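*Asks:* The primary structure of each chain is shown beneath.
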Amino acid sequence: MPNERPAPTALPVAESSSAPSSPRRRPSRRNFLAGVGGVSLASVLAACTPGAKSTSGSGGGAKANILVIAMTASDIPLLDTGLAQNQGYEGLRFVANQLFDGLTKFDLKQGEKIPPVIPGLALSWTANAAATVWTFKLRPNVKFTDGTPWNADAAIFNFNRYINKSAPEFYPALNAAAGLTISSLKSSKKIDDMTIEVTTNGPLAYLPSNLTTVYFASPTAVKAEGNEGFGAKPVGTGPFTFVSMTRGQQLVLKANPDYWGGAPKVEQVILRPIPDPTARIAALRSGQVNWAEVPPPDDVPTLTKDGFQVLTNSYDHVWPWVINGQKKPFTDVRVRQAMNYAINREALIKNVLQGTADPEFQAAARANAAYREENNLYSYDPAKAKSLLAAAGLPNGFSTTLSYPTSGSGNMVPTPMNEALQQDLAAVGIKVKLQPVEWASMLTDYFVGKIPGNADMINISLSMQQEGFWNTWFGAGSGPNVGKYNNPKVQALFTQAAATLDDTKRSDLYAQAVKYITEDAPWVFIVDDRNPRVLAANVKGFIEPKSWFADLTTLSVS
Amino acid sequence: MTATADVGIAATAVAAPQAATSKRRLPLSAKIAGGVILIIVLLAIFAPLLTSYSPTVGSLTDRLQPIGTSGHLLGTDGQGRDILTRMLYGARPSLMTGLIPVAVSGTLGTTLGLIAGMGSKFTRGAIMRTLDVFYAFPAVLLAIAIAAALGSGISNSVIALAVILIPPVARVAESETGRLRSADFIEAANASGARKSAIAFRQVLPNIAPAVVVYCTALIGLSIVYAAGLSFLGLGISPPKAEWGLMISDLQQYIFTQPQLLLVPAIAILIASVAFNVLGDGLRSYLNVRSETA
Amino acid sequence: MITFLSRRIAAAIPILIGVSIVVFITIKIIPGDPIASLLGPTSTPEARSELTARLGLNRALPIQYFSWIGHTVRGDLGNSIAKQTAVRPLVFDAFKNTLILTLFAAILAFAAGLLLGAIAALRRGKISAAISNAISLFSISVPQYSIALLLIIYLATGTGWFPSAGMYNAIGGGGWGDLFAHIVLPGISAALVPAGIIARMFRSVVIDVMSMDFIDSMRARGLSERKILWHAFHNTMPTLLTIAGLQLGYLLGGVIFVETIFAWPGLGLLVYQSITQRDLPVIQAGVIVSALAFVLINLIVDALHATIDPRVRA
Amino acid sequence: MTVDTPAPATATTTAPAGPALRVVNLSTVFRTRTAEVKAVRSVSFEVEPGETLVLLGESGSGKSVTARSIMRLHNSRAKIEGEVTLSGESVLDLDEKSMRALRGGRVAMVPQDPSAALDPLRRVGKQITEVLLLHKQASSKKDAKAQAVELLRLVGIPDPQRAFRSYPHELSGGMRQRVVIAIGISCDPAVIIADEPTTALDVTVQAQILDLFAELQKRLSTALLMVTHDVLVAADVADVVAVMYAGSIVETGPAREVLENPRHPHTKALLGALPRHDTARGELESIPGAPPIAGQDFAGCSFASRCGFAQESCVEHAPPLLQVGSRHLAACPVLNPAAAVGDPLSARPAEVA
Amino acid sequence: MGFLMPDTSEVLLDAVSLTKTFGNGTRAVDSVSLLVNRGETVGLVGESGCGKSTTAKMLLRLLSPDSGSVRFDGVDLLAARGKQLRAMRKRLQVVPQNPQTSLNPRLTVRASIEFNLRAHDFPKSEWKTRVAGLLDRVGLAERHAEAFPHEMSGGQLQRAAIARALASEPDLVVCDEAVSALDKSVQAQVLNLLVELQRDLGVAYLFISHDLSVVEHISDRVVVMYLGKVVEEGTAADLWSQPKHPYTTTLLSASPGTGRERIVLKGDPPNPANPPSGCTFHTRCPAAFDRCSVEVPQLLTVGRQHNSACWLNETADTIEPAAVSA
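So the sequence lines, in the order shown, correspond to chains F, C, Z, B and U. Our numbering numbers the first residue of the first sequence as 1 and each following residue consecutively. Our numbering numbers the first residue of the second sequence as 1 and each following residue consecutively. Our numbering numbers the first residue of the third sequence as 1 and each following residue consecutively. Our numbering numbers the first residue of the fourth sequence as 1 and each following residue consecutively. Our numbering numbers the first residue of the fifth sequence as 1 and each following residue consecutively.
Bound-form chain F, shown alone (with noise of 0.2 angstroms):
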């Protein structure tokens, strides 16, 4: 029955009965295979040789003076300035922040401090007492790329477009994208032809921090490609400009000689989109990139062995489980204190993450300036917790439901570490079950302020990267603070901190209030991630510093 369509499916098909095996001749086989199998055969021959031969020199694609990046993100992220947070805080650091610059930049060129904040776009700032309003010199002799001059107006074009409502240049999109970093910023105005105010609407103490991730586009550009069109062919002030972009494939970058902080050493940045930590390091491995984002921790120790640089640092960043503190038993702070007790960050830390996070004692993360040593309040002591959990009320422990996410960009490897945390946790008696959540609906349950899936618990990265997110993560009434821990004494220090604008006394509040956080334990401190990156041998001079952000123009590839 050859005419009759067999059930249309890619699955196995229920073949026809096979005809009755009457007898009859078969068909010489070797004929057969002439006829038929032959062609079959010789296709596949063919379409094998060649590619045996076309590869052996593939292996040392990743030549000259290119650096080629495998980042986590799974596509090339937008290349309009704040727009680039369209594939996470990674499309800032590799795209937005080579291409262009704010008016204040981190200083990654070392590696030994937390990166102050340094001139950018701007040489000098100053601000009122009440921290509202701020004037920006601008850095003379700056020019984008395409030769417009980076001035007053160039900076106001960029600000209206931010957040300039009734501006032509206006752009919802980017407004809507730079998110936190531009919500209290109110107005922006020319002073001069070289000088700019800005005022935002209430202190803002930090301001020069967040303007960091405040990037601006050449307004030639923008009014020639239109807000749209501009992501197509982007020209900023960065250490590097756009030469050609293949969706989903790859960005590729070129040095700018001129550019303002010297031009950068290597020739060409060649961005590749490659989500899975594996295919990340294969790719790294087969030769085809020479950089790659967040090798799976255990590939660390093999990929030290053969040749290859791993290199981390601390950053701005943690890995907590927050707790919902309204629900039993969690209100009792004897129990989340108890389970800061129960876990054992440094076997996890040897054992999972080989070494590339470092144990979190406290709610501030080591690279961020309210760290104090001495605000360590844990350990990993599991009497202690015991006794606790028994002061409690609770000698036999109780189970309780964690969600976190199956992956998702600085969540590391969620799923063994949370296995490593439910297994030391069960030792005292507290039984976590674990709710895995796909990354995208557990960030729309956050953000709204709900823990997926109605657990007790959520597993998610946070950053602390700017100091807005102190009251993000801990501020009463914050969406995303969805333990909903609420300290009036922590909320009034942040206030004041947010009005003061000496950097030293303003972390010393932040520490203050960091103390109470760490006391009150509304999260499982658990690790801070060490930003583990793998290099190839022939990449030399680059810094790894304590910052999410990295600096590409201080190295080469030889």
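Hint data in this document are derived by calculation from the structure and do not stem from the laboratory. Since the structure is predicted, the reported quantities are computational estimates derived from the model, not experimental observations. Built from N, CA and C at the ideal position, the CB exists for glycine as well. Among the clues, some could well be false.
[To be verified] Straight line, CA to CA, 25 angstroms or less: simulated DSS-like cross-link-like pairs of lysine-lysine:
id	chain 1	residue 1	chain 2	residue 2
1	B	Lys218	Z	Lys227
2	F	Lys350	C	Lys196
3	Z	Lys227	B	Lys126
4	B	Lys141	Z	Lys227
5	F	Lys328	F	Lys489
6	U	Lys124	C	Lys196
7	Z	Lys126	B	Lys126
8	Z	Lys227	B	Lys97
9	F	Lys143	F	Lys233
10	B	Lys141	Z	Lys126
11	F	Lys450	Z	Lys96
12	Z	Lys96	F	Lys233
13	F	Lys431	C	Lys241
14	B	Lys218	U	Lys266
15	Z	Lys96	C	Lys31
[Said to hold, decoys possible] FRET-style restraints, in silico, Cβ to Cβ:
id	chain 1	residue 1	chain 2	residue 2	range
16	Z	Trp230	C	Gly178	30 to 40 angstroms
17	B	Glu170	C	Ser120	27 to 37 angstroms
18	B	Leu335	U	Ser293	52 to 62 angstroms
19	Z	Arg59	C	Pro66	57 to 67 angstroms
20	Z	Gly175	F	Ser558	43 to 53 angstroms
21	U	Ser67	B	Glu170	31 to 41 angstroms
22	Z	Val312	U	Ser31	28 to 38 angstroms
23	C	Pro66	F	Gly449	28 to 38 angstroms
24	U	Gly23	B	Pro158	55 to 65 angstroms
25	U	Ala141	Z	Ser211	29 to 39 angstroms
Here the structure of chain F is known, so what remains is to put chains C, Z, B and U in place on it, guided by the hints.
*Replies:* Showing chains C, Z, B and U alone in chain F's frame:
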């Protein structure tokens, strides 16, 4: 073929003695496959008796031991859990994700196919065109979307798989029913005065059942593989529970350190899938002996 | 022939409408807010609701559906929420890449499948047939993603013969040879299951055709076995075409695992990512395009079928 | 009943030409994993040029297997023994290549179901010219086409040009059978083996086809071996009838003599089972029991278990063919006690003319 | 209306002017009227495609006619629904053509028969004895109840199919080519059985076959169809001795033991989708004349219980076979 067809008679003349002796017997390969499946089922049932380790709790100091380590015959995973133990316990959800979606889609699909095949032109059109829509929909993506919609968890991946398997089963059932629709014995049944439902379930069903069963048997293997794929994408069973697909997804993190560990669940899935396929093939030839002479 | 084709095309339209409704509803019931994942952690509630309104996502569902379908019919696939770019080039580029991978895998699958199926059918009872059957059985049973990983370990990173990811080399890539080197491993991974299915179906078709009466008649007319096999092969074509259509359709919609593992920038990967980002316009367009391709492939298969088999032309 | 018997070419016994087809002690055994099935048991007959021999029997009697054995169309599981001579050439010893040249050339086959005998995907003309070119009957494609159209005309197809371009499904059953016959006679075969050529056809069409056979045979002097279960067909076309039962010829002789005066109980029963106008309703003669199933072996007369005349000796010894008329032989010693053992090969109706 | 009003017997099935046109324009059945009396056998004969099976399907309500009516025992069969229809079907059964497919290959003979018993609500306790009785009735052994169709010969299968048809104690059994696929020797057995059953149970048959010799043998009355139309009907004896339509004469010439000259028709049966004008038989009719290709002959009474649709009937009282076999 009528009784006067001599060529056909020559064929049956030869086939007949064979049929007489072998028609009630499954091919050896299918028996072996059935045995393998039975063994897997038994291992799954008696997992707690066969191993002293816990499938979910391991020792972080004992992680990523290679295959053949004493005490851990098949090594340990990233949590230091005994892989053999996880394989044994993991057989349960793996088999379930193979069997339940197929059972569900087999039942629903057959019913739909029967209704379509026996129903009026309109009913048939409505059902079959709806199924066409699901055919044109990329199945894997549909499963992913459904699983994503329902959230992770074994029951949700079972539902997602059942949904995507219904259309092909229904098509097989419908086309088999369609083939029978004008068969003499169905006409006779129609003329006999029996109710449509009685004809569908007592006359048609026994005839399409073999084809559907054979088809479904092959789907079991596929369903296991797909379920494992969903787990691989993080949409299946929740950790730390053991499931073969999840283990692949888990162990693939270590392919550069302990690549051979990945082979363990992969081979298990392969074996189970092959076993179900071989069993399906065996059933096919076993059941065809009767349908051929008929 | 023309009426035949127009009838088929007419039949395809309700399918596409059905697909559009299913994809629309499915996406709407998936939890997750594209705005949330787009704007990220630093966004404010106001910004979110404003963007939601601007994208029209707060309108009634039927209005959203008809607005979308209206634009789609006119070729306007809208803008990606997550990528903030027009969907059409995004989806078309990805589809082109998937098509390349699919066609390559299809050629592999057919070459291997026909060979295995022919051996299994024509050398029944021989060792070679048993081996062919075993190979096809294994290839339909194997979990695709683990094979893909093993290929990467042993053929990409182990030997460096093949690149492990992407379509072209970052540096100096772009030629046919480069594309070929990149496509081999994902192509093999994607071809495995279809090759097995084709082999098994081709086997049964060949057996069926070889037992048909006219084959015997040809023998009685003195035709050589080679000629008879050729005619038999001709008679397997209608079924073969149907298989081809199905397997191509399957590949188009099913290479997602392979695309993920090999970072192949195809439609499966794009739609999968878009699902994780809840990027509705991309998901909708991606699914519609692949359904359209599926329908189109079936149409072509039907047309070819009619060309080969005079009986279905009527 | 008309029997247009041409004057036999071999009217004189000394004719050198000899029979077109001669089958001596042909046995065909199918080997299966578990058993050996004797489908044909020591069958002998011969057909002269221009003569028609009908193998008459019910399903399973071995008549088709006999026909296919002559052309060696069985697969390797079939063991064929005996002697088959096609115009003087021994067929069973030929290598496969020479055998192929013979098939479709010197001996042609017209199968039962014309719908299934043609390649459904190719035009009719192509299927004819293919054979013409194969057997070097035509020098060029053009020549082949001309010959093919002529052949189609010869077999009585009204519009041969159009039929040449048609696909099989576009032709009626009768037309298809004519096409198959055209292919059969395309290379001037010495012998045509027609296996139930009219069974699938309507009775009015059947008559046309049988006429066509008679006409062609007259024109081409081909020997015709026809296999049928239909007594009426046999009566219509046969010069010689050989009645088969369970793999053996149980009765043979000139058609009229055998069909009008059957001497074997099986032949008698076959004829008696035909509903005739004069048979009282409900009183058709019917043979009790069923024929032996394939693979069943028996020492004596294969019909003994169903035969109303059977005696003990019938079960023990297979009866030989006995001479019951000048050319009429029947394998039944009970009904024909005085007859002498005869040679089936001589059962041609020399005197029918 | 019915052309042949019976004198003695009671009308069981009365079909009037049944017409059925298929989607492709084929008029499969054209104004066919048919009458079956209680306990009699009516034969319906014609070549493949003449519409005899379609007629049977309409009588069994497997197809609905475009027009016409069917009364079964006085009740409008086409209008019957639900319970009433089932009650009618209980009395109207069928024996299909192909012994290999007339029984469900996946059911034992017992299950097949019980299916009919269940359909008509025979108490379950009686099933066993009823099956045994039916098998005995049709000459099958008790062990055949547990046999599957593939384990039985063609003759046994048709016996089982007859037993199934008889299960609901019908008044009329439609035998749709029920013996055509059997070897002649087996055919004879089954025909004998049918006659015996009729004698014992009084069941009526509508006996459909392409083989006139079989139909003529078993039927009281015979209806001859050609291309969707009835061309002649009459008692078996009349048709045999005095056929009034050239087509009947042709069919008869192929029957055994008639001694008639075999008539060979010209050409193929015409395509039913595109039937010839006038008398549909005129393209092949050896006796056709001008009028035949223009005017459609009506079914006219040519004798007692004997109707024929041929223009020759207007000119001659009878048609001698010799006259048409020119």
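*Asks:* A separate judgement is required for each hint: does it hold in the structure or not?
*Replies:* How the hints compare with the structure:
no.	hint	in the structure
1	B/Lys218 x Z/Lys227	violated, 33 angstroms
2	F/Lys350 x C/Lys196	violated, 69 angstroms
3	Z/Lys227 x B/Lys126	holds, 13 angstroms
4	B/Lys141 x Z/Lys227	holds, 17 angstroms
5	F/Lys328 x F/Lys489	holds, 23 angstroms
6	U/Lys124 x C/Lys196	holds, 20 angstroms
7	Z/Lys126 x B/Lys126	violated, 35 angstroms
8	Z/Lys227 x B/Lys97	holds, 13 angstroms
9	F/Lys143 x F/Lys233	holds, 17 angstroms
10	B/Lys141 x Z/Lys126	violated, 40 angstroms
11	F/Lys450 x Z/Lys96	violated, 40 angstroms
12	Z/Lys96 x F/Lys233	holds, 23 angstroms
13	F/Lys431 x C/Lys241	holds, 14 angstroms
14	B/Lys218 x U/Lys266	holds, 20 angstroms
15	Z/Lys96 x C/Lys31	violated, 46 angstroms
16	Z/Trp230 x C/Gly178: 30 to 40 angstroms	holds, 32 angstroms
17	B/Glu170 x C/Ser120: 27 to 37 angstroms	holds, 33 angstroms
18	B/Leu335 x U/Ser293: 52 to 62 angstroms	holds, 55 angstroms
19	Z/Arg59 x C/Pro66: 57 to 67 angstroms	holds, 58 angstroms
20	Z/Gly175 x F/Ser558: 43 to 53 angstroms	violated, 26 angstroms
21	U/Ser67 x B/Glu170: 31 to 41 angstroms	holds, 32 angstroms
22	Z/Val312 x U/Ser31: 28 to 38 angstroms	holds, 34 angstroms
23	C/Pro66 x F/Gly449: 28 to 38 angstroms	violated, 47 angstroms
24	U/Gly23 x B/Pro158: 55 to 65 angstroms	violated, 29 angstroms
25	U/Ala141 x Z/Ser211: 29 to 39 angstroms	holds, 35 angstroms
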